[in-house]
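Undergrad: I would like the entire structure built from these sequences, with the hints used as guidance.
As given, the protein sequences belong to chains A and B, one line each in that order.
Sequential numbering from 0 applies to the first sequence in numbering that gives the first Met the number 0.
Sequential numbering from 0 applies to the second sequence in numbering that gives the first Met the number 0.
Simulated from the structure, these hints should not be mistaken for laboratory data.
Glycine is no exception: its CB is placed at the ideal position from the N, C-alpha and C atoms.
Hints may contain errors.
Claimed, not checked - List time: in silico PhoX-like cross-link candidates among lysine-lysine, alpha-carbon distance up to 25 Å:
no., chain 1, residue 1, chain 2, residue 2
1, B, K249, A, K318
2, B, K221, A, K145
3, B, K251, A, K218
4, B, K240, A, K318
5, B, K199, B, K64
6, B, K12, A, K287
7, B, K240, A, K218
8, A, K259, B, K251
9, A, K259, B, K229
10, A, K65, B, K159
11, B, K240, A, K287
12, B, K251, A, K287
13, A, K200, B, K249
14, B, K229, A, K287
15, B, K240, A, K259
16, B, K249, A, K287
17, B, K227, A, K277
18, B, K249, A, K259
19, A, K277, B, K12
20, A, K200, B, K251
21, B, K251, A, K277
As the list claims (entries may be wrong) - Beta-carbon label-pair distances, calculated as ranges:
no., chain 1, residue 1, chain 2, residue 2, range
22, B, V15, A, D43, 55 to 61 Å
23, B, Y223, A, G157, 19 to 25 Å
24, B, K221, A, F109, 24 to 30 Å
25, B, E88, A, E314, 53 to 59 Å
26, A, R209, B, V15, 14 to 20 Å
Now for the letters of each chain:
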Amino acid sequence: MILVFIEHKDGVLNKTSLEAIAAAQNIAGDTGDSVAAMIPAGSDIGLAQEIAGYDIEKVIVAKNDKLGTYTPDGYTDAFAEIIRKENPNYVVMAHTYQVRDFCPKLAARFGKEMVGDCIRYSNEGGQLVFTRRIFLGKLDADVTIKGEGPYFVTFQSGAFRADNAAAGSAAVETVDVEVGDPRMVPEEPFQEAKASVDLTKSEVIVAIGRGIKSEENIKVAEELAEALGADIAASRPICDSEWLPIDRQIGSSGQTVAPKLYIALGISGAIQHIVGMKNSGTIVAINKDSEAPIFDLADYGIVGDLFEAVPTMIEEIQKG
Amino acid sequence: MKIIVLMKQVANKDAVLRIRGDERWIDDSDVSQQTNESDGYALEEALRTKEAKGEGEVIVCTLGKPSAKTVIKDALARGADRAIHILVEDENALSPYQISKAIADNIREENADLVFTGLQSDDASHGQTGVILAELLDIPHATIVIEVDRESINGSVRVKRELESGWYQWFEYKTPSLLTIQSGISQIRYASLKGIMAAKKKEVRDVEVSVEDFESGQVVQKVYMPLKTKQTQILGDGDAKAGAVELIAKLKDEARVL
Ligand SMILES: Cc1cc2nc3c(=O)[nH]c(=O)nc-3n(C[C@H](O)[C@H](O)[C@H](O)COP(=O)(O)OP(=O)(O)OC[C@H]3O[C@@H](n4cnc5c(N)ncnc54)[C@H](O)[C@@H]3O)c2cc1C
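TA: Here you go:
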């Protein structure tokens, strides 16, 4: 069996779980396993019916009062019980922040580790080979897993497409699981002061990264933004340094945007940044390092110093 | 209050990486090294926690080659009190569980109140050493911690975790617990001259370990440059100004976005 984790908050599905279903169905095609989905929940949950609409054998709702809100302790206990019962060959999850938080713990409980954040896998003569991105996106590694299952594998967002998850009909099974008292008490999730700019509506974005070097240099990018009628945005370190407010941050912890034109100045292209802008229409990257991963995504690239390129760009735009 | 901070030496962010002959890792013989970014923030958070408490001890622990001593020296110069260096020949040949197990075996007896780690390494990026370690030490953990309420520490600690898309959540943890720290949580201090001098007298304990084989480990078969999925037009041929002229023309006439 391939056991796939369905992530939700108060019964609202995290859409990357559908990508995980697609991944699990693919792997099942290679191994001949069946697929089952696992939903931890505090009470009966409507989401189970929605997941039962996919081509899997069954949906397991692992139920306990203590699973109403996520805690790593609670989820690990619940999952461990289901794994012991079902004895899956693979446990497949989307590599979300929540999964990063509990999956390695769960794996360790079985004396295993996670093969995390995979971007794809292939079947090489019956042996599954998983590909992970390493060195901040500069290299890929093909990885195999030794020993017996369960193997714990997580996939990066976008590695599989949610709409490739095959539809079907599955049985729903509710299991009352035992959960110890979590050693952590969660408060309510919240958003920091409401975003004052909505970059999701921007047509053109000029985004700056650590290559901008100093706060004073930001005006160089602002002039370009002005010439283009663009909004200014940034990678995380710029917002961490408080050079720009946090609502300008693009990426997995910030905003997800898809403007017609996205110009990345001095941004390396870490996955956590890319997930926030990869659906932009035309992507431009200006970076000194010809091997920066951002170039893999760009339509147009300039390998060089942004402080040389940008003033010339402004002149050219103003020529009309 | 005893705090252990895990720190790792990794290849420098800007280093040009060459793939090793057997294609199973990079050739790191002449690559400049640095402290893993988020581990630097983990140390800073530990030092600030000790300062806020007005007492305590910060112990740095690294698992790695002899060259990782530079990470230790730097941490001691910034204010850590002592260090444990778990010496291995090649940490990159070990898988996350093995690393966590070796660390657990060597810090368990310290009975620390808090263990801080960076949230992931910039080389292998497994992002799980801390979490597995917590399970092996049988203590609770929190990942992607972006704030520690230092005032709250008293048998428990309140921490702010980052969720996706600009959401956050506070959790209260019983101590001992393990926190994996996000980069940017605070401003990292520099080592002072006084700190550098003082570091020379601080205790560094070397432990030689022979790491057992791990029958469930992941094994790197091959490392390579990512396959290009998109045709990128590189403009200017190394001349940024010429590239800029070409770029604006292309954005107008080819992509038609201006
Ligand atoms: C859980 C988690 C969540 C995260 N969330 C986010 C997020 O939401 N958003 C985000 O952006 N990041 C996020 N990150 C951080 C991310 O992993 C990267 O560290 C970050 O995106 C790097 O920012 P950067 O590209 O600006 O800096 P760097 O990676 O340091 O890149 C700077 C680039 O500038 C280039 N450069 C330097 N000088 C010049 C010059 N003069 N001209 C041209 N180029 C130059 C360099 O070659 C380099 O490529 C997250 C990380 C984690 C682990």
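Undergrad: For each hint, tell me whether it holds in the structure or not.
TA: Hint by hint, here is what the structure shows:
no.	hint	in the structure
1	B:K249 / A:K318	15 Å, holds
2	B:K221 / A:K145	15 Å, holds
3	B:K251 / A:K218	24 Å, holds
4	B:K240 / A:K318	15 Å, holds
5	B:K199 / B:K64	20 Å, holds
6	B:K12 / A:K287	13 Å, holds
7	B:K240 / A:K218	19 Å, holds
8	A:K259 / B:K251	13 Å, holds
9	A:K259 / B:K229	17 Å, holds
10	A:K65 / B:K159	21 Å, holds
11	B:K240 / A:K287	13 Å, holds
12	B:K251 / A:K287	24 Å, holds
13	A:K200 / B:K249	24 Å, holds
14	B:K229 / A:K287	20 Å, holds
15	B:K240 / A:K259	24 Å, holds
16	B:K249 / A:K287	20 Å, holds
17	B:K227 / A:K277	15 Å, holds
18	B:K249 / A:K259	14 Å, holds
19	A:K277 / B:K12	23 Å, holds
20	A:K200 / B:K251	21 Å, holds
21	B:K251 / A:K277	21 Å, holds
22	B:V15 / A:D43: 55 to 61 Å	56 Å, holds
23	B:Y223 / A:G157: 19 to 25 Å	20 Å, holds
24	B:K221 / A:F109: 24 to 30 Å	27 Å, holds
25	B:E88 / A:E314: 53 to 59 Å	56 Å, holds
26	A:R209 / B:V15: 14 to 20 Å	18 Å, holds
Consistency with the previously given hints is maintained throughout, with no hint failing.
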